Amino acid sequence: MTKSLPAIAILFAVVALGLFAYVTDAVAFAGSDPATCANCHVMDDAYENWFHAPHKNVTECVDCHLPHENVVAYYAEKARTGFHDVYVFSTGQTPEIIRATEHSKRIIQSNCVRCHQSTVDAVIASPHGNDRVCWECHRNVAHGARGLSLLPLQDSALYPVHK
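Mind the numbering: the sequence shown is residues 1 to 163 in my numbering, read in order.
If you're looking for bench data, these hints aren't it; they were derived computationally from the structure. Computed from a predicted model, the values in this text were never measured in an experiment. Even for Gly, the Cβ is constructed at its ideal location relative to N, Cα and C. Warning: the hint list may mix true and false statements.
What the hints assert, rightly or not - Listed below are the simulated BS3-like cross-link pairs for lysine-lysine, each with C-alpha atoms no more than 27 Å apart in a straight line: (1) Lys78 with Lys56; (2) Lys78 with Lys105; (3) Lys105 with Lys56.
What the hints assert, rightly or not - Computed Cβ-Cβ distance ranges for the label pairs, DEER-style: (4) Val71 with Leu19: 24 to 30 Å; (5) His103 with Pro6: 36 to 42 Å; (6) Trp135 with Ser32: 20 to 26 Å; (7) His84 with Ile10: 27 to 33 Å; (8) Ser4 with Ala53: 56 to 62 Å; (9) Lys3 with Phe89: 36 to 42 Å; (10) Glu69 with Cys137: 22 to 28 Å; (11) Asn130 with Val27: 37 to 43 Å; (12) Ala53 with Val88: 23 to 29 Å; (13) His103 with Gly31: 20 to 26 Å; (14) Ile98 with Thr2: 49 to 55 Å; (15) His103 with Asn39: 17 to 23 Å; (16) Glu102 with Ala30: 24 to 30 Å.
Please put together the full structure from these sequences, using the hints given.
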């Protein structure tokens with residue numbers, strides 16, 4: 001009996017992890033569907049504003065909010081932010097308003113430059129220089145106009161899944 005305890009413990013752990021992955025739809029978080037990012041109510045404004053903004057037709061959340069230097073950096077940051085989100089949600093520390101950290105701002109700025117290199121080159125050569133982040137002037141481009149929404153984000157009739 002004692003020899004089978006490790007096998008039973010491993011089997012139990014595998015079943016528990018599998019059940020957890022199924023119940024939480026954990027596989028979806030490895031993807032890039034913006035609707036997955038809106039699972040948490042604090043992301044409602046960001047998702048809705050993105051949904052109605054010009055970038056919706058050409059980007060997903062991961063295009064701006066994750067690094068694209070290589071696949072390791074991409075998934076390492078995805079895991080880091082995911083574990084952070086799980087931690088703050090599980091411990092009741094979820095803020096009502098999400099603000100980008102300095103680390104996130106560097107990633108976002110890098111992605112603005114990555115997608116708009118020719119425009120950025122022209123700006124750097126201009127009197128404006130390179131001492132600002134893109135969203136100081138282009139505040140409403142990625143997420144549209146700011147403000148509280150009274151519309152339900154998860155209503156699939158209003159917000160079809162973006163693919």
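Here is what the structure says about each hint:
no.: 1; hint: Lys78 with Lys56; verdict: holds, 20 Å
no.: 2; hint: Lys78 with Lys105; verdict: holds, 15 Å
no.: 3; hint: Lys105 with Lys56; verdict: holds, 20 Å
no.: 4; hint: Val71 with Leu19: 24 to 30 Å; verdict: holds, 29 Å
no.: 5; hint: His103 with Pro6: 36 to 42 Å; verdict: holds, 40 Å
no.: 6; hint: Trp135 with Ser32: 20 to 26 Å; verdict: holds, 21 Å
no.: 7; hint: His84 with Ile10: 27 to 33 Å; verdict: holds, 29 Å
no.: 8; hint: Ser4 with Ala53: 56 to 62 Å; verdict: holds, 57 Å
no.: 9; hint: Lys3 with Phe89: 36 to 42 Å; verdict: holds, 40 Å
no.: 10; hint: Glu69 with Cys137: 22 to 28 Å; verdict: holds, 25 Å
no.: 11; hint: Asn130 with Val27: 37 to 43 Å; verdict: holds, 40 Å
no.: 12; hint: Ala53 with Val88: 23 to 29 Å; verdict: holds, 26 Å
no.: 13; hint: His103 with Gly31: 20 to 26 Å; verdict: holds, 22 Å
no.: 14; hint: Ile98 with Thr2: 49 to 55 Å; verdict: holds, 50 Å
no.: 15; hint: His103 with Asn39: 17 to 23 Å; verdict: holds, 22 Å
no.: 16; hint: Glu102 with Ala30: 24 to 30 Å; verdict: holds, 26 Å
Checked against the numbered hints listed earlier, the structure breaks none of them; every hint is satisfied.
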